[in-house]
Amino acid sequence: MRIIKSVSQLERWREQIISKQKLDGVVISVCGGTGCHAYGCKGVKDQFAKNIRKDDAEHKIRLKFTGCRGFCERGPIVTIQPQGVFYQRVQEKDVPLILSQTIEKGKVLDHLLYEDSTKKRKVASEKDIPFYKAQHRLVLGNNGLIEPTKIEDYIGMGGYQALAKALFEMEPGQILDEITASGLRGRGGAGFPTGKKWEECRNTPGDYKYIICNCDEGDPGAYMDRSLLEGNPHSILEGMVIGAFTMGANQGFIYVRHEYPFACKSAEIAITQARRAGLLGKDILGSGFDFDAEMAKGGGAFVCGESTALIASIEGKIGEPRSKQVHTVTEGLWGKPTNINNVETWANVPLIIRQGSQWFSSIGTEKSKGTKIFSLVGRVKNTGLVEVPMGISLKKIIFDIGGGPQNGKKIKAVQTGGPSGGCLPASLFDLPVDFDSLTEVGSMMGSGGMIVMDEGTCMVDVAKYFTHFLEEESCGKCLPCREGLKRMREILAGITEGKGNGESLSLLEELARVVADTSLCGLGKTAPNPILSGLRYFRSEFEDHVYRKRCPAAVCTHLIQYSILEGDCTGCGACKKICPTQAVEGDRKKSHRILSELCTKCGSCKDVCKANAVRVQ
Amino acid sequence: MEIRTVKITMDGRWIEVEEGSTILQAGRQFGIHIPTICYMENLSPYGGCRICVVEIGNDGSDKTFLDTSCTHEVREGMVIQTQSPRVIRARRMLAELLVTSAPNVKVAQDIAARMGLFKVRFPMENNRCILCGLCIRMCSEQMGGKALGFAGRGVGRRVSMPFKVRPETCRLCRGCDYVCPGMIVPCQGIKEPGEFCGRCVRLEEIPGCCSTATFGCFCERNPL
Amino acid sequence: MGFRPVDEIVGKYQGKKTALISILHDVQDQYNHLPEGALRKVALKLQMDLNDIYGVATFYKSFSLTPKGKHSITLCLGTACYVRGGPRILREMKKDLNIEPGQTTENKQFSLNAVNCLGVCAIGPVMVVDRKYYGEMNAVKAKRIIERMNKKGNGGKS
Chain C
0 MRIIKSVSQL ERWREQIISK QKLDGVVISV CGGTGCHAYG CKGVKDQFAK
50 NIRKDDAEHK IRLKFTGCRG FCERGPIVTI QPQGVFYQRV QEKDVPLILS
100 QTIEKGKVLD HLLYEDSTKK RKVASEKDIP FYKAQHRLVL GNNGLIEPTK
150 IEDYIGMGGY QALAKALFEM EPGQILDEIT ASGLRGRGGA GFPTGKKWEE
200 CRNTPGDYKY IICNCDEGDP GAYMDRSLLE GNPHSILEGM VIGAFTMGAN
250 QGFIYVRHEY PFACKSAEIA ITQARRAGLL GKDILGSGFD FDAEMAKGGG
300 AFVCGESTAL IASIEGKIGE PRSKQVHTVT EGLWGKPTNI NNVETWANVP
350 LIIRQGSQWF SSIGTEKSKG TKIFSLVGRV KNTGLVEVPM GISLKKIIFD
400 IGGGPQNGKK IKAVQTGGPS GGCLPASLFD LPVDFDSLTE VGSMMGSGGM
450 IVMDEGTCMV DVAKYFTHFL EEESCGKCLP CREGLKRMRE ILAGITEGKG
500 NGESLSLLEE LARVVADTSL CGLGKTAPNP ILSGLRYFRS EFEDHVYRKR
550 CPAAVCTHLI QYSILEGDCT GCGACKKICP TQAVEGDRKK SHRILSELCT
600 KCGSCKDVCK ANAVRVQ
Chain S
0 MEIRTVKITM DGRWIEVEEG STILQAGRQF GIHIPTICYM ENLSPYGGCR
50 ICVVEIGNDG SDKTFLDTSC THEVREGMVI QTQSPRVIRA RRMLAELLVT
100 SAPNVKVAQD IAARMGLFKV RFPMENNRCI LCGLCIRMCS EQMGGKALGF
150 AGRGVGRRVS MPFKVRPETC RLCRGCDYVC PGMIVPCQGI KEPGEFCGRC
200 VRLEEIPGCC STATFGCFCE RNPL
Chain U
0 MGFRPVDEIV GKYQGKKTAL ISILHDVQDQ YNHLPEGALR KVALKLQMDL
50 NDIYGVATFY KSFSLTPKGK HSITLCLGTA CYVRGGPRIL REMKKDLNIE
100 PGQTTENKQF SLNAVNCLGV CAIGPVMVVD RKYYGEMNAV KAKRIIERMN
150 KKGNGGKS
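Residue numbers (numbering that gives the first Met the number 0), protein chains in the order written: chain C, 0 to 616; chain S, 0 to 223; chain U, 0 to 157.
Everything labelled a hint here was simulated from the structure, so no lab data went into it. Keep in mind that the hints are not guaranteed to be accurate.
[Claimed, not checked] Label pairs and their computed distance ranges (CB to CB):
# : chain 1 : residue 1 : chain 2 : residue 2 : range
1 : S       : Asn125    : C       : Gln324    : 43 to 49 Å
2 : U       : Gly1      : S       : Arg3      : 55 to 61 Å
3 : U       : Gln29     : C       : Glu489    : 38 to 44 Å
4 : S       : Pro84     : C       : Gly497    : 31 to 37 Å
5 : S       : Asp10     : C       : Glu509    : 22 to 28 Å
6 : C       : His557    : U       : Glu35     : 41 to 47 Å
As the structure is a computational prediction, the values presented were derived from the model and not from experiment. The C-beta atom is built at its ideal place from N, Cα and C for all residues, glycine as well.
Same shape as in the complex, but just chain C (with noise of 0.2 Å):
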């Protein structure tokens, strides 16, 4: 790999690697997503590599490890090209059979196709699975057709054009009407308008100025950025050289949270690629504009996907967040100008600038341009990482694309927006999904997160779990934030063990309007969210715990029984062996009996029962 100084040079590069695309046979994608990699990918993989070698002159055969498809609930997930084969669940010892009959002779395998449930049938090709073809993947589709980690993959389908268009054919100002025309808005939770945080960074005099792309990604639930930084790191990469040369930055970060080591991987090796390239440092592809990024990690902190908390620890400081009557693209990393954007909206960027700001603003709503990547996960059929047109309705993606409730539990609610959002009920499920709409019911559509939650789930049990998640990742600084929310745990804990009388409800308001009011920064400003919405759609259920002493989903577990229903019992025993407590009695083949007084509810019998015998209520 040379380095490139023209965008002739470019073209010229990318025509001979598509040439040599054109020369494999078949092309086998499996895919390396972290999810997949939970369920045994890279052994996959690995065998592919093995058995490949033996027949690679025959049929040209290359092997592709990409990036996340989306589709985790179905891992491994390998994909056939020419023939579309789409194939779910693979496991190693599939691999020999798939060379053998796929490859050899055609033939399709059957047990590894996707089932469509509802019409009992089995779907062969990607784009005829439910769960793809309500979607509309223009940043996450490409994931399937690159491996991260080869820079050919990405220039061979269009990579670079648009920065070489921004470059060569657009003056700095351009970009940025482009940009703004486009609608885009920040895709990190707040929804900012991306040209107008562009324009008043580039308006800030000064010779040093930062952009930051965050992947701290901390809401629980959300692995869009992840997979994207994962899959597509040059897409970002691409991004941000443009958004620097319309700001006049030249120095960029990738911040990406601990947790996250084989994204932080993927964009090293990717930066590495594109500055042997000439695709990042001084003088790109000759056009005199100098920008090189770096990657700097996080230590494990929620409150560092916020601005200015991010900023501190890039600056080898805690993450405590500061004011932000200054904006940070008037004062940022180091006192300097600082433009920061979320990953999806940097990935955004190079289809704006190439398709134009006109096909963009197509799609989606009138306020809420584009699509957005959920992550829909929780209790649901199909969960993985879905991307739809903003507008879509919430019924849409939890039925259409989701495939419905998981165990024939009906759904309650679904928690958009993560610790800073709310959960909504199934009875709004028709709302479209935007910036605007769920905000105005009390949630907010937030990065991404999509967590459907069931008659089995406890929404007195949510709320508590969101307050002590924030109360944990509170950085300390600010007394409603740090107190508040403790207290807030506090009285949610008692509440769920009983303890709650008249006065804990309206308490638990009184403090949220205060927590909401007064805290220095968004984390505490959206912590009562969870709570607020919790009783503004599921207030009976919070009633229930406060004043009959009830858990109606059956988890709270001081207020839950655990018992063996005798009819069903088949006395094999397994739970008594399982029990921690020797709580379980009863002879072989007979039923078998739960003594309350020793059960502590860890829910081993009924994790072991194949009789489903165990009932919690």
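Following the hints, put chains S and U in place on chain C, whose structure we already have.
Positioned in the frame of chain C, the structure of chains S and U alone reads:
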């Protein structure tokens, strides 16, 4: 040099203050009292206790928000209310949070009394430190010792010397003790009808570990 | 102890303050925790105040000033894992190992951590043992993994 000023409204009155002032400084210039705890003149404002919050709006806009007056700079046309119902409600709850955390710290008692709090609804703790950070800023900004800092996070946050050992840069200047609100001896209240405890008048000191007989210093024998 | 490796680590990152967290992670990998002497050296080499370094070392959850166990068990308590039963697993782990998250067992074998999302939400509840990811966990599976590690550690003797 020309001094630039801005015109703002505070509690319904038009006032003209120097550009770059904070709302708190502006208020003090005109006799408008805003209570503070973690603020001290000549130390950088911190904005941690949030007691000094005021309601801020702009000319002709209905949207208002609360922010700390010690950190918020004045801007032309700002409309500020220091005693609105929203502010009072907030201050009252903050006082309740503070006094249940540190009931024996005088400034906590003072703010609770000022806000009319006689009953509290949270279980009482007995912390000696209110995490105002004044000692840290005093040490770092005025005395150049840089011997104190915050360690830990969230409810586990504490003031500490590195590795809980007094570093060489500490000159035992007692600046930290001097500014610490926890060092001011709390009031014992009314002992007999008509009689005050008089501690504040007698400047009684609580015996500590070393000869200067003040409590809560940062030496190794009695770390906070 | 001269803490020579610290010099090399700081050199690897060109002594940049922006790399402090990465430097501390490398130091922690080297010594299995952040020893006081190493931190003092880092402060010296980076020309940063010791109280700031100490603050950073105690602020971020991934750092430990006390030696960690031989095996690290990280349980995810992100929302998706939580609604799928994460807390029950944590309860059992706490009981089995007799430690709280953030602590190490007395025999220095296991360190237990609870994190608020590992980004593998679709297959929750997730547990990571020594960098190996396990999905769809429950209390029983978790217990079995621990037992297996114990047996391996004892060289097969029970």
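Notebook entry, point to check: Hint numbers the structure violates, sorted upward?
Noted result: Checked against the structure, the only hint that fails is number 1, while the rest are satisfied.
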